[in-house]
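Given next are the chains, with one letter for each unit.
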Amino acid sequence: MSWWTPQLTAIFWGMFQALVILLGVVLLGAVLTVVERRFLGLWQDRYGPNRVGPFGTLQLVADMLKIFFKEDWIPPFASRGLFLLAPVLAFASLLLSFLIIPITPGWGVADMHIGLLFFFALAGINVYSVLLGGWSSGNKYALLGALRASAQTLSYEVFMGLSLMGVVAMAGSFNMREIVAAQENLWFIIPQFFGFVTFLVAGVAVTHRAPFDQPEAEQELADGYHIEYSGMKFGMFFIGEYVGMVLVSALIVTLFFGGWHGPLLPPFVWFALKTSGFLLLFMLLRAALPRPRYDRVMSFGWKVCLPLTLINLLATGAVMLWVGA
Amino acid sequence: MNMDTVSISDTSGDNLVKALKQTFGDRVLYEQSTYTGMPVVWVTRYALTHLLDYLKRLTAPYDLLYDLSAIDERLRTHRQGLPPADFTVFYQLMSITRNADIMLKVALSADDLSVPTAVQVFPAANWYEREVWDMFGISFAGHPHLTRILMPPTWTGHPLRKDYPARATEFDPYTLTVEGQETEQEAMRFEPEAWGMQRERDGAEFMFLNLGPNHPSAHGAFRVVLQLDGEEIVDCVPDIGYHHRGAEKMAERQSWHSFIPYTDRIDYTGGVMNNLPYVLAVEKLAGIKVPDRVKVIRVMMAEMFRITSHLLFLGTYLQDLGAMSPVFYTFSDRQRGYAVIEGITGFRMHPAWYRIGGVMQDLPHGWEKLVQGFLDWMPPRLREYERAMMENAIVRNRTRHVAAFDTAEALKWGITGPNLRATGCDFDLRKQRPYSGYDQFDFEVPLGHNGDVFDRGQLRIEEMRQSLRIIQQCVNHMPAGDYKADHPLTTPPPRERMLEHIETLITHFLQVSWGPVLKPQESLQMVEATKGINSYYLTSDGNTMSYRTRIRTPSFPHLQQIPSVMRGGFVPDLIAHLGSIDFVMADVDR
Numbered sequence: 001m002s003w004w005t006p007q008l009t010a011i012f013w014g015m016f017q018a019l020v021i022l023l024g025v026v027l028l029g030a031v032l033t034v035v036e037r038r039f040l041g042l043w044q045d046r047y048g049p050n051r052v053g054p055f056g057t058l059q060l061v062a063d064m065l066k067i068f069f070k071e072d073w074i075p076p077f078a079s080r081g082l083f084l085l086a087p088v089l090a091f092a093s094l095l096l097s098f099l100i101i102p103i104t105p106g107w108g109v110a111d112m113h114i115g116l117l118f119f120f121a122l123a124g125i126n127v128y129s130v131l132l133g134g135w136s137s138g139n140k141y142a143l144l145g146a147l148r149a150s151a152q153t154l155s156y157e158v159f160m161g162l163s164l165m166g167v168v169a170m171a172g173s174f175n176m177r178e179i180v181a182a183q184e185n186l187w188f189i190i191p192q193f194f195g196f197v198t199f200l201v202a203g204v205a206v207t208h209r210a211p212f213d214q215p216e217a218e219q220e221l222a223d224g225y226h227i228e229y230s231g232m233k234f235g236m237f238f239i240g241e242y243v244g245m246v247l248v249s250a251l252i253v254t255l256f257f258g259g260w261h262g263p264l265l266p267p268f269v270w271f272a273l274k275t276s277g278f279l280l281l282f283m284l285l286r287a288a289l290p291r292p293r294y295d296r297v298m299s300f301g302w303k304v305c306l307p308l309t310l311i312n313l314l315a316t317g318a319v320m321l322w323v324g325a
Numbered sequence: 001m002n003m004d005t006v007s008i009s010d011t012s013g014d015n016l017v018k019a020l021k022q023t024f025g026d027r028v029l030y031e032q033s034t035y036t037g038m039p040v041v042w043v044t045r046y047a048l049t050h051l052l053d054y055l056k057r058l059t060a061p062y063d064l065l066y067d068l069s070a071i072d073e074r075l076r077t078h079r080q081g082l083p084p085a086d087f088t089v090f091y092q093l094m095s096i097t098r099n100a101d102i103m104l105k106v107a108l109s110a111d112d113l114s115v116p117t118a119v120q121v122f123p124a125a126n127w128y129e130r131e132v133w134d135m136f137g138i139s140f141a142g143h144p145h146l147t148r149i150l151m152p153p154t155w156t157g158h159p160l161r162k163d164y165p166a167r168a169t170e171f172d173p174y175t176l177t178v179e180g181q182e183t184e185q186e187a188m189r190f191e192p193e194a195w196g197m198q199r200e201r202d203g204a205e206f207m208f209l210n211l212g213p214n215h216p217s218a219h220g221a222f223r224v225v226l227q228l229d230g231e232e233i234v235d236c237v238p239d240i241g242y243h244h245r246g247a248e249k250m251a252e253r254q255s256w257h258s259f260i261p262y263t264d265r266i267d268y269t270g271g272v273m274n275n276l277p278y279v280l281a282v283e284k285l286a287g288i289k290v291p292d293r294v295k296v297i298r299v300m301m302a303e304m305f306r307i308t309s310h311l312l313f314l315g316t317y318l319q320d321l322g323a324m325s326p327v328f329y330t331f332s333d334r335q336r337g338y339a340v341i342e343g344i345t346g347f348r349m350h351p352a353w354y355r356i357g358g359v360m361q362d363l364p365h366g367w368e369k370l371v372q373g374f375l376d377w378m379p380p381r382l383r384e385y386e387r388a389m390m391e392n393a394i395v396r397n398r399t400r401h402v403a404a405f406d407t408a409e410a411l412k413w414g415i416t417g418p419n420l421r422a423t424g425c426d427f428d429l430r431k432q433r434p435y436s437g438y439d440q441f442d443f444e445v446p447l448g449h450n451g452d453v454f455d456r457g458q459l460r461i462e463e464m465r466q467s468l469r470i471i472q473q474c475v476n477h478m479p480a481g482d483y484k485a486d487h488p489l490t491t492p493p494p495r496e497r498m499l500e501h502i503e504t505l506i507t508h509f510l511q512v513s514w515g516p517v518l519k520p521q522e523s524l525q526m527v528e529a530t531k532g533i534n535s536y537y538l539t540s541d542g543n544t545m546s547y548r549t550r551i552r553t554p555s556f557p558h559l560q561q562i563p564s565v566m567r568g569g570f571v572p573d574l575i576a577h578l579g580s581i582d583f584v585m586a587d588v589d590r
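Protein chains in written order, with the numbering used here: chain A, 1 to 325; chain B, 1 to 590.
Keep in mind the hints are simulated off the structure, nothing from the lab. The reader is advised that the hints may include incorrect statements.
Said to hold, decoys possible - Derived, one-sided and incomplete: chain B residues facing chain A with beta-carbon distance under 10 Å:
hint: 1; residue: Asn214
hint: 2; residue: Asn392
hint: 3; residue: Ile575
hint: 4; residue: Ala576
As the list claims (entries may be wrong) - Every beta carbon over 10 Å from chain A, so not counted as near; a handful from chain B, in silico:
hint: 5; residue: Ala110
hint: 6; residue: Pro116
hint: 7; residue: Ala194
hint: 8; residue: Arg293
hint: 9; residue: Gly366
hint: 10; residue: Thr407
hint: 11; residue: Pro492
Glycine included, C-beta positions come from ideal geometry on N, C-alpha and C.
Produce the entire structure from the sequences given, and follow the hints as far as they go.
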């Protein structure tokens, strides 16, 4: 057994962790589609899906079977290569971002010193999925959706990065584990409240969730950029949206709510509890709010959120210099 | 038998008609005496546009073109005194300031079916004239775009002509060949030029977006073609006719009684509200005066339907703004409303419950409790909708000053009902021209100020409150008495009397099998329906069936007005506006 070195153990353990987290996140995204429908039903004074299995628990299985066996159809007027690439990008880019999330002190896929920057990069790639999907579909509604998405994402990614710079400055690192460690005594939600608010807004916008769902706006664009997608290709957009929700919730928890920190309960439970809290918030937002007009969303991003993040960053810098001096 | 008839006074002798005769001399041909409640004046077609213009320029102007349609007179037997005509085109104008109407009629002979267009005087005439062209084949000289509007462009024949068959069995069997299919497909190809739109401006191409007839926010089979510059709407053209069922044609082969269920399906969210103008107009022809109990029952049920219709409006209006939840709440409220309606009438959406001379049945035992339960349930819910949605900053942002128009603009396009009152114009037929005993009720007419999407939504919430008030008064003061008038033309006659002796049995048999015969006259009744002013203009030729039934619906002009307010708006504004108009396509296409 001389070839079985501790390094090898570490590699296998890391691969095992990565696999568990990957499957866990995908499964969670899929389960969330049903959970959200049940919660929406609850809030909207109706039942939601409750026919398949006890209390509708097997709805997910039914949905999966349906979506897997649907005809894999590509519209003849679509541009084939890009049309196929778009859902893959949508699904993969957000899923890959989980690489950097530290779940507990011992669990997490990668411990990268560029941590946050990796997330920004992938969020940047994510917009291509919507853009290419909408563009290659050869449908005017899809095109309008794609245009809205690219304009919106461009505006919101500007201050999404800036909103986290306060956190980075305080932790002194882009590394997620170090950011969590820096919150052992005080969660960053307190000193970085404005950073949190703006990141939350940007996070909702990046995942195209209501009230920032202008790119798909059912009432206006009849589902926007993914109007021509069906079957599993639509499923990848769809599950991708929920994976995005999980990702942004996990990021908020890691960056502002102390990650796995918390009294009494094991770290994983704390992490899971906090994350599900934000997932619920995402769903509640969708149930509660109407959709603003997309030009107002843009001006809100540029005129309110961007200045707020800049002031926050300046103030953080000033306070740190003052305290440091 | 107590002959409780009412004599309807003739409205001739109005000073206006004298003035018209003085000004226009022998170009005013004849004044017809009808039961329409307005002067009906036959004029020569050369004087028509001058007359319309004259009436529009009066100090108290006739500024709303309420209706415009035609009658095929060729088979009409009772035409004593009327100028000779094969076809008649009629123009009904309304004056808000006078609270009065006037109808102009133009006689046409079959070999020269042409009238000068009224579009220059009343822009709202545009679609009405297209409909007359489509249905009767009467052309309008100078019309900017005289094409078919309800029937497909490839259609042959003009359905409302008397020589056009009414039954499918009178046609040859339908066949579709490959060439036929290709012709139909080709006719559907979109050519911006044919719709009066340009493909490009300053070298930049426009995008043409086809919204509907299958679109989540089109509220039925409605189509708008948008000419877009980015997301800005440069121009748009509404296209209707996908829901046309020929209700006016059907009225010509149904007995006076058996047409009632068809009226329910005109504004299909309005239920018995649709029966009301029809039975009131028929009762005018029959000379029936209904008991007070009938009036109050009718008002109560019509107001119940106003509430259920407005609840549907509110839910979909907010959903069009992207709010997902309210529609479920309004639908569960609407469900409670339907529980009451079902308890009383036995049906939910289309009870067809009013009868000529009464209602179908008396109110069931315990109806007060049922209605009171609904009356107690609604007010807190309405408050909740206001707090959660109408006071929401995003909703206000989406709706304030969006698709706004003023009273003058509304009248120009024939807008009535809540959409007119949202501009601040205090015109509600229940107050201005009370029918069915509305003058006995204490309620207010809510008004808006800006005539924007927000006002149109808020106003309807307020209208629901007023409707609840009216229903409460119905519950508190329901008169005793019969639910059917004691009159020989009441249909069906009260069953209790059927078995008295052979005469009553025969009368009952004739009434039920052939239906009542109404005397040759014309009558018209307008009501303040859920979506605006709805009226039935009935022409009887002394038969068991109507000779011509003109159904004027509010949604038709409301859709025609869309382009005039949407130019320069964004796509989401159009969706908000569509939600705020409150139309159903059955009410547009009939």
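Okay, the hints, checked on the actual structure:
1. The criterion of a C-beta within 10 Å of any C-beta in chain A is met by B/Asn214, whose closest approach is roughly 9 Å, and the hint holds.
2. Nearest Cβ of chain A to the Cβ of B/Asn392: about 7 Å, under the 10 Å cut. The hint holds.
3. With 10 Å as the threshold, the beta carbon of B/Ile575 comes within range of chain A, its nearest partner Cβ sitting at about 5 Å, so the hint holds.
4. Taking 10 Å as the C-beta cut-off, the interface hint given for B/Ala576 holds, the closest approach to chain A being about 9 Å.
5. No beta-carbon of chain A is positioned within 10 Å of the beta-carbon of B/Ala110; the least distance is around 47 Å.
6. The beta carbon of B/Pro116 sits about 40 Å from the closest Cβ of chain A, which is more than 10 Å, so the claim that it is off the interface holds.
7. For B/Ala194, the requirement that its beta carbon stay farther than 10 Å from each beta carbon of chain A is met, with the minimum near 19 Å.
8. Interface exclusion of B/Arg293 from chain A stands, the closest Cβ pair being 37 Å apart, more than 10 Å.
9. Non-interface call for B/Gly366 relative to chain A: holds, since the shortest CB-CB distance, roughly 27 Å, exceeds 10 Å.
10. The beta carbon of B/Thr407 sits about 27 Å from the closest Cβ of chain A, which is more than 10 Å, so the claim that it is off the interface holds.
11. With a least beta-carbon separation of about 41 Å from chain A, B/Pro492 lies farther than 10 Å from that chain, consistent with its non-interface assignment.
Comparing the model with each numbered hint stated earlier shows that all of them hold.
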